[in-house]
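**Student:** Each chain, written out:
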Amino acid sequence: MEKNYNVCTGCGMLCDDIEVESEKNIVNKVYTACRVGVAHMKEGRESAVFRVDDKPVDEATAISEAVAILKNAKNPLIFGLGTSTNETQKLAIELARKTSATLDDTSSFCLGRVVEALLQNRFKACTLDDVRNKADVTIFWGADPSDSHPRHLSKYSYFPRGTEKQRGWEEDRTAIAIDVRKSHTAKICGNNFFQVPPGGDAEFIDALIAGLSGKLPKTSYNFPPKRILELANILKGAKFGVVFVGLGLVYSLENLEPLFRLMDALNEKANFHLIPMVGHYNMRGFNENLFEETGYVNSVKFEDGAVKHGPEYSIVEALKAKTVDAALIIGSDPLSSLPRSIAKNLLEIPVISMDPCETLTSRSSKVYINTAISGVESGGSATRMDGVKVEFKPVVETKRLSDEAVLKKIMEAL
Amino acid sequence: MTNAMELYQMLPKTNCKKCGKTSCMAFAVALMAHELTADDCPPLKEEPKYKENYGKISDLFKASEGATSTGLIVHEELCFGCGNCVVACPPNVANDPYGVGSGNAPRDAKKLILIIEDGVVKAQNVEECRRFGKNKILCNGCIVTCPVEAIEFV
Amino acid sequence: MDFGSFLKSPEIKVKVVTYRDIFQDKAMIENRFGEDYRDRSAIIKLDSADFKQLNVKKGDTVTLKNSFGTIVVKAEESGYEPSHKGIAYMPNSPWSNMLVSDETGGTGVPKFKDISATITSAKGAKVTEPGF
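Protein chains in written order, with our numbering: chain A, 233 to 646; chain B, 155 to 308; chain C, 71 to 202.
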């Protein structure tokens with residue numbers, strides 16, 4: 233019997249095998265999803281809220297106020313979209329063009345660099361399904377999927393049987409964690425956990441590269457060379473290896489050069505792919521959609537039909553330099569997720585916040601539009617952390633507008 | 155986790171056979187297997203000098219009242235539903251190779267021992283567990299794959 | 071005579087590394103302004119030697135301070151081995167972000183996982199409210 237599965241938009245894994253029991257548009261029971269996924273799917277409770285200057289208003293007033301802010305702005309910032317569908321993201325790109333906006337998402341301060349390099353074919357890519365079916369060696373580097381993508385190990389990267397991995401994880405696969413602390417994932421990796429000091433990743437990479445070519449691996453923090461050589465030996469024997477790159481590694485590297493060196497060295501001796509541990513369910517979609525339109529994955533500024541790109545158009549630098557004079561924040565909470573020393577500059581400009589839930593940002597916004605939970609109360613398509621497109625229908629219905637519907641109304645009014 | 159030897163140390167060690175077993179050691183093994191309880195040893199239950207040990211043994215197994223008959227306990231508050239145990243459990247894999255065995259949702263949850271419901275692991279059909287019955291083995295597939303020690307056998 | 075009262079309360083320099091915690095994530099989804107999210111965010115995990123030196127008990131509040139901000143959070147021992155004296159761990163949250171430097175070298179990427187701060191006992195002070 234074919235089962236009716238839902239997609240969970242709780243994280244970048246986009247698990248597509250979730251069974252849900254609901255009644256009167258309230259989700260009662262969720263099967264197979266992790267705790268975060270369940271919380272995400274049961275999140276919808278509120279009825280629509282629109283606010284201007286902290287006072288409740290109707291939909292039309294909120295939209296026209298938002299339009300007025302965007303019209304008056306010379307350089308508005310459009311930011312967020314990591315938890316929006318591909319369709320919404322494409323609309324937002326169009327809106328950014330129309331309003332000569334600066335457009336950015338959270339990837340500019342997390343994994344954007346890695347996704348960009350992937351889209352430029354600087355790394356060998358593979359899908360999570362390939363990982364399940366073929367991978368014999370997986371490395372979690374600066375990543376703790378047990379906490380960030382709870383089903384990662386069970387659905388793809390360590391425990392499942394795959395077409396070419398039929399004998400089970402103990403015999404068929406080796407999982408390795410490289411991290412600054414013994415995370416939940418590191419714990420599962422047992423003896424294959426390599427603890428590096430904070431900021432020590434680049435050196436560890438070069439030591440590992442030395443080890444791969446049989447040289448003595450040296451680090452300033454005296455990591456036992458024998459263990460690095462053991463690791464190098466495991467990696468050399470990989471028939472289908474995957475490096476899962478997390479924020480811990482990216483934040484530890486000044487630039488991606490060490491990672492390029494490592495992947496090249498691994499591919500001289502074995503066969504290694506790379507997948508970024510994308511957090512938000514459709515951050516990768518944003519990167520790909522913008523890349524298709526402009527050749528850049530984030531941090532762009534539209535001006536007179538042209539596109540400018542550079543870190544100065546990232547949310548962090550734009551707020552620091554106070555170059556933006558209004559902000560439309562879609563499904564994101566920069567007042568929580570950015571350093572306060574930078575985020576506080578948002579308080580000086582008019583902000584429109586579109587979000588399914590109240591956040592520090594929504595509470596400080598001039599206009600707040602309470603939207604449907606993307607993927608639970610509204611459908612569309614998204615791009616998984618490994619680049620695979622996933623389509624989904626809403627799990628329950630809501631009276632709240634989707635962010636796509638709100639953007640359409642804003643576009644029409646402009 | 156207790157073993158039969160520790161239990162034996164707390165028994166009368168008289169090999170009186172009143173429990174129906176041939177020796178106190180055999181009784182200890184039966185206790186471990188959850189075949190018999192402390193109440194099945196009359197001297198232990200009735201004689202005042204064994205009162206303390208009777209209490210201890212009863213408490214040991216009381217702790218596992220929430221447990222299934224294989225002694226499996228799920229600490230729900232620790233579990234976050236990663237599903238590692240569901241996918242690694244050998245009987246789960248055997249009964250549903252293309253569902254949970256391949257990392258996916260169950261094709262038929264009724265046949266499985268471990269499933270994830272509302273983000274937390276749930277144990278059922280424990281008689282299928284490899285720790286159960288005559289040919290049981292000390293399988294620990296669900297324990298070593300758990301990142302938070304949410305599963306325990308008592 | 072209580073000599074302790076003459077001693078300046080110990081101040082420790084730490085490097086704070088932020089991380090993600092699934093129960094904290096779940097609490098955030100349920101209510102960003104709820105107690106559960108605060109309890110799981112406004113904490114710092116210390117090496118046991120640092121913990122002892124601060125002369126605090128589990129759950130006592132401590133003050134973390136640097137030139138970017140000051141926060142009061144609850145302290146606990148990390149339980150991690152081997153010793154990580156001078157390195158402390160905090161779930162990534164609005165609390166940890168109050169200490170993150172605005173210095174980015176123009177890259178657009180703040181050092182979220184590399185925070186330098188000093189810790190002292192907060193002597194019964196309440197956990198910081200993250201509002202603006």
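Derived from the structure by calculation, the hints contain no laboratory data.
Careful: at least some of the hints might be erroneous.
In silico lysine-lysine, DSS-like type, Cα no more than 30 Å apart, as pairs [to be verified]:
id, chain 1, residue 1, chain 2, residue 2
1, C, Lys128, A, Lys306
2, A, Lys576, C, Lys122
3, A, Lys540, C, Lys193
4, A, Lys322, A, Lys303
5, A, Lys419, C, Lys193
6, B, Lys205, A, Lys261
7, B, Lys276, A, Lys256
8, A, Lys450, C, Lys193
9, A, Lys576, A, Lys366
10, C, Lys122, A, Lys414
11, A, Lys287, A, Lys621
12, C, Lys128, A, Lys414
**Student:** If a hint holds in the structure, say so; if it doesn't, say that too.
**Tutor:** Taking the hints in turn, this is what the structure says about them:
no., hint, verdict
1, C:Lys128 <-> A:Lys306, "violated (52 Å)"
2, A:Lys576 <-> C:Lys122, "violated (35 Å)"
3, A:Lys540 <-> C:Lys193, "violated (52 Å)"
4, A:Lys322 <-> A:Lys303, "holds (20 Å)"
5, A:Lys419 <-> C:Lys193, "violated (35 Å)"
6, B:Lys205 <-> A:Lys261, "violated (47 Å)"
7, B:Lys276 <-> A:Lys256, "holds (26 Å)"
8, A:Lys450 <-> C:Lys193, "violated (45 Å)"
9, A:Lys576 <-> A:Lys366, "violated (47 Å)"
10, C:Lys122 <-> A:Lys414, "holds (22 Å)"
11, A:Lys287 <-> A:Lys621, "violated (40 Å)"
12, C:Lys128 <-> A:Lys414, "holds (21 Å)"
Comparing the model with each earlier hint shows violations of hints 1, 2, 3, 5, 6, 8, 9, 11; every other hint is respected.
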